[in-house]
Amino acid sequence: MIEDNRKVARDFFAALNAHDLDAMDRLRTSEFQSDATPGRMDIERNRRYIENLISGFPDLCFKINLTVAQGDYVVVDWAAEGTHQGAFHTPSGASIAPTGRTAKMVGSHTFELKDGKITHSWFFTDTASLLAQLGLMPPI
Amino acid sequence: MTSIIEDNVKVVETFFAALNDHDLNRMDQLRATSFEGGTIAGTMNAERIHRYNETLITGFPDLHLDINLTVAEGDYVVANWTLTGTHTGMFRTPSRVAIPPSGRSATMVGSHTFEIKNGRIVRDWFYTDMVSLLSQMGLMPPM
Numbered sequence: 001m002i003e004d005n006r007k008v009a010r011d012f013f014a015a016l017n018a019h020d021l022d023a024m025d026r027l028r029t030s031e032f033q034s035d036a037t038p039g040r041m042d043i044e045r046n047r048r049y050i051e052n053l054i055s056g057f058p059d060l061c062f063k064i065n066l067t068v069a070q071g072d073y074v075v076v077d078w079a080a081e082g083t084h085q086g087a088f089h090t091p092s093g094a095s096i097a098p099t100g101r102t103a104k105m106v107g108s109h110t111f112e113l114k115d116g117k118i119t120h121s122w123f124f125t126d127t128a129s130l131l132a133q134l135g136l137m138p139p140i
Numbered sequence: 001m002t003s004i005i006e007d008n009v010k011v012v013e014t015f016f017a018a019l020n021d022h023d024l025n026r027m028d029q030l031r032a033t034s035f036e037g038g039t040i041a042g043t044m045n046a047e048r049i050h051r052y053n054e055t056l057i058t059g060f061p062d063l064h065l066d067i068n069l070t071v072a073e074g075d076y077v078v079a080n081w082t083l084t085g086t087h088t089g090m091f092r093t094p095s096r097v098a099i100p101p102s103g104r105s106a107t108m109v110g111s112h113t114f115e116i117k118n119g120r121i122v123r124d125w126f127y128t129d130m131v132s133l134l135s136q137m138g139l140m141p142p143m
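As you go down the protein sequences, you meet chains A and B in turn.
Take 1 as the starting number for the first sequence in our numbering and just add one per residue.
Take 1 as the starting number for the second sequence in our numbering and just add one per residue.
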């Protein structure tokens, strides 16, 4: 079961890299919830959030550095890279015009699985690092 | 007889108990001599991490972390946490910018990965959103 869960987590990132939102939806239960800095999102809100991310960074690509799996949980540590070529909206709706800059980010996703699908996810990354790389705030 | 995974989780629980006690020396004892810590300011050895945590505790003297979840496999333990603290002391950002006390309380969430060998932490790194902290301190608008 742990290896099945790990495969779902890997498939999720493969679908994200392919920008295949329908494939991502198929990996999630209908009760899916995401918890992150922008707040709690259901499957529909999370889909719009990812659409926005892909429109802002059309070449967005994630690389998995490490997976840690136990019971119903899989943690994925990742590195991502993308070029800010499209309009990007912050969670509060502010629009950030394309800067043309490339950003490299690291972060971590925790997935909770139920019957082979993702029912809850949490993700952690430093938005300050992203904004600094886009030239939108000074490095801290 | 406990498994290595249970022992590793115990090391991580002890790490956060020591952090909540602001007992930096006890935290040092949990790290291997070859320890490397990944932070948003780059990789730090045990001595630099010690000073970095001192800065954090000076800025937030009531700093407290609660573990929400641990996920452990092989040499790795991941702990997802919620941090609370009140900014009543001088705080320095990872790049050493000094931020005078704002008196504000902050709640942060983060995820911390530990690599453990022979009962000691050899590497760790964490992810948290500094925008969340800075906006709660009133230093930047919420995103």
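Be careful, since some hints might not be right.
[Claimed, not checked] Each computed DSSO-like pair below joins lysine-lysine, with the alpha-carbon atoms no more than 30 Å apart:
(1) B/LYS10 x A/LYS104
(2) B/LYS10 x A/LYS114
(3) B/LYS117 x A/LYS7
(4) A/LYS114 x A/LYS7
(5) B/LYS117 x A/LYS63
[Unchecked claim] Selected chain A positions facing chain B (in silico; Cβ < 8 Å):
(6) TYR49
(7) GLU51
(8) ASN52
(9) ILE96
(10) GLY107
No lab work stands behind these hints, which were simulated from the structure alone.
All C-beta atoms in this analysis are idealised placements derived from N, C-alpha and C, irrespective of residue type, glycine included.
Hint-by-hint comparison with the structure:
1. For the hint linking B/LYS10 to A/LYS104, the alpha-carbon distance of about 33 Å lies beyond 30 Å, and the restraint is violated.
2. For the proposed pair B/LYS10 and A/LYS114, the alpha carbon gap of about 27 Å is at most 30 Å, so the pair holds.
3. For a cut-off of 30 Å, the pair hint linking B/LYS117 to A/LYS7 stands: about 26 Å separates their Cα positions.
4. Of the pairs offered as hints, the one joining A/LYS114 and A/LYS7 holds, with about 13 Å between alpha carbons and a cut-off of 30 Å not exceeded.
5. For the suggested pair B/LYS117 and A/LYS63, the alpha carbons sit about 25 Å apart, so the restraint of at most 30 Å is met.
6. Taken as an interface hint, A/TYR49 does not check out: its beta carbon lies about 12 Å from the nearest beta carbon of chain B, beyond 8 Å.
7. At about 18 Å, the closest approach between the beta carbon of A/GLU51 and any beta carbon in chain B exceeds 8 Å, and the interface hint on this residue is violated.
8. Taking 8 Å as the C-beta contact cut-off toward chain B, the hint placing A/ASN52 at the interface is violated, the least distance being around 13 Å.
9. Interface restraint check: A/ILE96 against chain B, minimum CB-CB distance 10 Å, threshold 8 Å, status violated.
10. Checking A/GLY107 against chain B by beta carbon gives a least distance of about 5 Å; that is within 8 Å, so the hint holds.
The structure is inconsistent with the numbered hints 1, 6, 7, 8 and 9, although it conforms to all the rest.
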